[in-house]
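Participant: Assemble the complex: chain B is given as a structure, and chains S and G must be docked to it using the hints.
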Amino acid sequence: MILFILKRIGYAAPVALGVSLVCFLLVHLAPGDPLSAILPVDATAEMQAQMRAAYGFDKPLPVQYGLWLWKVLHGDLGTSIATGRPVLAEVGRAVGNSLILASVATLIGFTFGTFFGFVAGYARDSWLDRVASAIAVFGVSVPHYWLGIVMVIVFSATLGWLPPTGAGPQGSGNWFPDLEHLRYLLLPAITMSVIPMGVISRTVRALVGDILHQDFVQALRAKGLSEFGVFRHVVKNAAPTAIAIMGLQLGYLLGGSILIETVFAWPGTGFLLNAAIFQRDLPLLQGTILVLAMFFVTLNLLVDVVQTALDPRIERA
Amino acid sequence: MTATTPVSASLATGDPVAAVAVPEAIPVEASRGYWGSVLRRLARDPVAMAAAFVILAIVLAAIFAPLIAPMDPFKGSMVRRLRHVGDATYWLGSDELGRDMLTRLLYAGRLSLFMGVLPVVIAFFVGSALGILAGYAGGWVNTLIMRVVDVFFAFPSVLLAIALSGALGAGILNSIVSLTVVFVPQITRVAESVTVQIRNRDYVEAARVSGAHPFTVVRVQVLGNVLGPVFVYATSLISVSMILASGLSFLGLGVKPPEPEWGLMLNTLRTAIYVNPLVAALPGVMIFLTSISFNLLSDGLRSAMEVRQ
Amino acid sequence: MTELDPRDRGGPAQPLLSVEGLVKHFSGKGGLFGKGPAVRAVDGVDFSVMKGETLGVVGESGCGKSTTARLLMQINRQDRGDIVFDGELLGSRALDLKAYRRQVQMVFQDSYASLNPRLTVEESVAFGPKAHGLSAAAALARAHDLLRRVGLEPRRFGGRYPHEVSGGQRQRVNIARALALEPRLLILDEAVSALDKSVEAQVLNLLTDLKQEFGLTYIFISHDLNVVRFMSDRVMVMYLGRVAEIGPADAILTSPRHPYTAALLASQPSTDPDARLDEAPLTGDPPNPINPPPGCRFHTRCQFAAEVCRTREPGLDPVSPAHFAACHRAVPGSGHPDSPPVPMAA
Numbered sequence: 001m002i003l004f005i006l007k008r009i010g011y012a013a014p015v016a017l018g019v020s021l022v023c024f025l026l027v028h029l030a031p032g033d034p035l036s037a038i039l040p041v042d043a044t045a046e047m048q049a050q051m052r053a054a055y056g057f058d059k060p061l062p063v064q065y066g067l068w069l070w071k072v073l074h075g076d077l078g079t080s081i082a083t084g085r086p087v088l089a090e091v092g093r094a095v096g097n098s099l100i101l102a103s104v105a106t107l108i109g110f111t112f113g114t115f116f117g118f119v120a121g122y123a124r125d126s127w128l129d130r131v132a133s134a135i136a137v138f139g140v141s142v143p144h145y146w147l148g149i150v151m152v153i154v155f156s157a158t159l160g161w162l163p164p165t166g167a168g169p170q171g172s173g174n175w176f177p178d179l180e181h182l183r184y185l186l187l188p189a190i191t192m193s194v195i196p197m198g199v200i201s202r203t204v205r206a207l208v209g210d211i212l213h214q215d216f217v218q219a220l221r222a223k224g225l226s227e228f229g230v231f232r233h234v235v236k237n238a239a240p241t242a243i244a245i246m247g248l249q250l251g252y253l254l255g256g257s258i259l260i261e262t263v264f265a266w267p268g269t270g271f272l273l274n275a276a277i278f279q280r281d282l283p284l285l286q287g288t289i290l291v292l293a294m295f296f297v298t299l300n301l302l303v304d305v306v307q308t309a310l311d312p313r314i315e316r317a
Numbered sequence: 001m002t003a004t005t006p007v008s009a010s011l012a013t014g015d016p017v018a019a020v021a022v023p024e025a026i027p028v029e030a031s032r033g034y035w036g037s038v039l040r041r042l043a044r045d046p047v048a049m050a051a052a053f054v055i056l057a058i059v060l061a062a063i064f065a066p067l068i069a070p071m072d073p074f075k076g077s078m079v080r081r082l083r084h085v086g087d088a089t090y091w092l093g094s095d096e097l098g099r100d101m102l103t104r105l106l107y108a109g110r111l112s113l114f115m116g117v118l119p120v121v122i123a124f125f126v127g128s129a130l131g132i133l134a135g136y137a138g139g140w141v142n143t144l145i146m147r148v149v150d151v152f153f154a155f156p157s158v159l160l161a162i163a164l165s166g167a168l169g170a171g172i173l174n175s176i177v178s179l180t181v182v183f184v185p186q187i188t189r190v191a192e193s194v195t196v197q198i199r200n201r202d203y204v205e206a207a208r209v210s211g212a213h214p215f216t217v218v219r220v221q222v223l224g225n226v227l228g229p230v231f232v233y234a235t236s237l238i239s240v241s242m243i244l245a246s247g248l249s250f251l252g253l254g255v256k257p258p259e260p261e262w263g264l265m266l267n268t269l270r271t272a273i274y275v276n277p278l279v280a281a282l283p284g285v286m287i288f289l290t291s292i293s294f295n296l297l298s299d300g301l302r303s304a305m306e307v308r309q
Numbered sequence: 001m002t003e004l005d006p007r008d009r010g011g012p013a014q015p016l017l018s019v020e021g022l023v024k025h026f027s028g029k030g031g032l033f034g035k036g037p038a039v040r041a042v043d044g045v046d047f048s049v050m051k052g053e054t055l056g057v058v059g060e061s062g063c064g065k066s067t068t069a070r071l072l073m074q075i076n077r078q079d080r081g082d083i084v085f086d087g088e089l090l091g092s093r094a095l096d097l098k099a100y101r102r103q104v105q106m107v108f109q110d111s112y113a114s115l116n117p118r119l120t121v122e123e124s125v126a127f128g129p130k131a132h133g134l135s136a137a138a139a140l141a142r143a144h145d146l147l148r149r150v151g152l153e154p155r156r157f158g159g160r161y162p163h164e165v166s167g168g169q170r171q172r173v174n175i176a177r178a179l180a181l182e183p184r185l186l187i188l189d190e191a192v193s194a195l196d197k198s199v200e201a202q203v204l205n206l207l208t209d210l211k212q213e214f215g216l217t218y219i220f221i222s223h224d225l226n227v228v229r230f231m232s233d234r235v236m237v238m239y240l241g242r243v244a245e246i247g248p249a250d251a252i253l254t255s256p257r258h259p260y261t262a263a264l265l266a267s268q269p270s271t272d273p274d275a276r277l278d279e280a281p282l283t284g285d286p287p288n289p290i291n292p293p294p295g296c297r298f299h300t301r302c303q304f305a306a307e308v309c310r311t312r313e314p315g316l317d318p319v320s321p322a323h324f325a326a327c328h329r330a331v332p333g334s335g336h337p338d339s340p341p342v343p344m345a346a
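Chains as they are written, first to last, in UniProt numbering: chain B, 1 to 317; chain S, 1 to 309; chain G, 1 to 346.
Next up, chain B with everything else stripped away, as it sits in the complex (with noise of 0.2 Å):
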């Protein structure tokens, strides 16, 4: 089991450097030359000039490669043009408030997707598949940026019965464990639950079926097995599976979360990304990418783990 982490983190490690030139290169992709995306539009030949060395944009590109892997791998994801704090900061304020919607989403979808999965899963065919199926394609159908605004207009504007936007009140930048915080932070889960839930419940549906079709299903069953004893045997076959794909969701979201975080003006990584985006911030934009990109590799690392830990089946040579 040891052996087979270090094989994964030795698979992981090249995909993480090659994420890391990924993101250098994204400032380099953006037109023009990099430092003006940098320096305000008046900015004096001397201070273009300290600037161009600070940042070793005089040096060739795969040193300055090097240079940046070097500051990065120290904490130093320099510095953000539109606030002038450090960006580690910047992100390590706003990933936490992202972490929270994305679990909280993720949670969720996973408890409705499962539930749904498996009726659709026992009931093929059947009318009860055919809902939860449907709901299903909606759930990966559906803009959810768009669902975030029906969201907003039936239970703010119309109901009000939640509040639309921010993360607390009074635009509290910091989500809290209490209970108007969690006013906050319900429709943004919900609208957000939609997707893992749909991808969920359809995974779910499909290993259910394919479960019960098997041969141990009908031996079990043969040999006189309660359905809930059975029931119990489908759940130990599909969880490693549901489990991996869980926590890969969570990476997606958390990823994916800006159109969300814009739509509800919650202060996390994709409210941040929006800033940067909007401000030609790019070391902003740049560091946070990486974080988010580093966060979704190190999950991938954890899911592989963690699947292979809870399913005998799969081979840890």
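Since no wrong hints were added, every one of them can be taken at face value.
Simulated DEER-style distance windows between Cβ atoms: (1) S:143 with B:107: 36 to 44 Å; (2) B:62 with S:143: 16 to 24 Å; (3) G:267 with B:130: 51 to 59 Å.
Stretch-level coverage of chain G by chain S, calculated; a stretch enters the list once three of its residues show a Cβ under 8 Å from a Cβ in chain S: (4) 69–78; (5) 97–106; (6) 127–135.
These are calculated hints, taken from the structure and not from any lab test.
Note that beta-carbon positions come from the ideal geometry of N, C-alpha and C, so glycine has one too.
Facilitator: Coordinates of chains S and G only, in the frame set by chain B:
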């Protein structure tokens, strides 16, 4: 007691939004006119047919928008802003600048469909070529291509699209480029895995030992068996692509005003959700309708192709 | 008898194909870095096939029969060893891979998997000739001719897809496809194993006829000793990646000298109820090919195993003219208690 066959072991390949299972190279029933029989089976699927009809209607409406739209999509009237749905002049209401919603929704289909479908089409060709090359050549060629693909897979697709668009800047072309870059690795991975399966079939080995040029073997023996499953996978991506393309415009990264586009309309009408919520939600209905139709059609196509004998 | 092929070089006395020291190890997965232990699929195999004969190859699954076939076909490359075709070394200037493959073709076991589901029967047969430069029309004409010769009326069957013909017909198509390049040597890897018994007999008769008609040489791989007996002039028995015994079919199948061959023969179900065995002649699974036992590879399952068998690996030695066995018990002076007496030196 455990099952002997792992149930869909590799899931890391699933896309976040679509999460369609990677199709296997199934021994497809190849009868006289393979695609003909697939289409015949598809025609018997009422859900897929309904979806195809909706898509056809939306596409035709977009193409013939100048002929059927009642008004000018750019001409507004400051006094007739945000009329409600069911208005005598503006059947689907008017937007925040007093432009006819029906007209703009019809016109917007042009850019939205173009930006949603084109990246998948480009990615289908590029990804298939890369995937078949990697899968058939094997060795270091495979390692090189697939490691690069792995790196792009390490980004959630929404994040990658926004990172690229954000760095490149707003614009239709930049959005299409960004989305293409998002989808190429996904299609490459599917094409590679199907090619590897096909490559080890006896008939491909028989063709190889006949001494035919590798290019001929790929063209005659591999291509027809790989492109089918990859095509189905690509159709399932159109739905994701539609949502992402409109999403980019919604964020202000795609189409610029005053061009009509569903995502952008959704954005500019956000200010109106307290005044005229129904009109504000309309562009999203169009995105949703298109996206779900493509998803259902893709599902239908998949089951029509998966019939085993 | 077969007439002399214009492509013949060395005359009838020169083997059509001979193989020396063929080795193929498949490296497994595992280990943090690098590869795991290797499966010794083929581990030093020598034999030759004479012109116009049929060499039967038998052995349990996993003994290296199919790997040998794939090496001969160069689907996989050998790690070591030489393949000599009609006196020319494969890979030498006189015989490159393309020229070799035109003369050696193969029929696979799975008749369905070996035909492209998207191509019609005639397209599959015409593929090879077309790849070798024949025009589309000429290739199609050859395909039709071959289909007729394997007993499939081209007008009825040529346009069909593989799933539209029966298993036996599909295997006929595969044979036609293999013959389309006019090979001299045909490797039949369990080519009739998946067929019904009645269909199997028809295809075997077809193969016998085609051999006469085209002057072919066969390597006939099968786990079915009855079929091998029917087809073969000589028989090679393989065990765990090595040749256990090779010789004339009659000698091998009536008076085997290797205990493994004897056990294989004894495990054939008999039609005579009195001749049925109560005990399985061959017990246990073959040993792990990753780590074959030292000495004679068969000693772990051999009822005659003696001390020498555990320590020294027997060579493939002659036990009578043209009959070779890798068994200490059959070779004089091997140190095995049962070995025949050493003939007095002259």
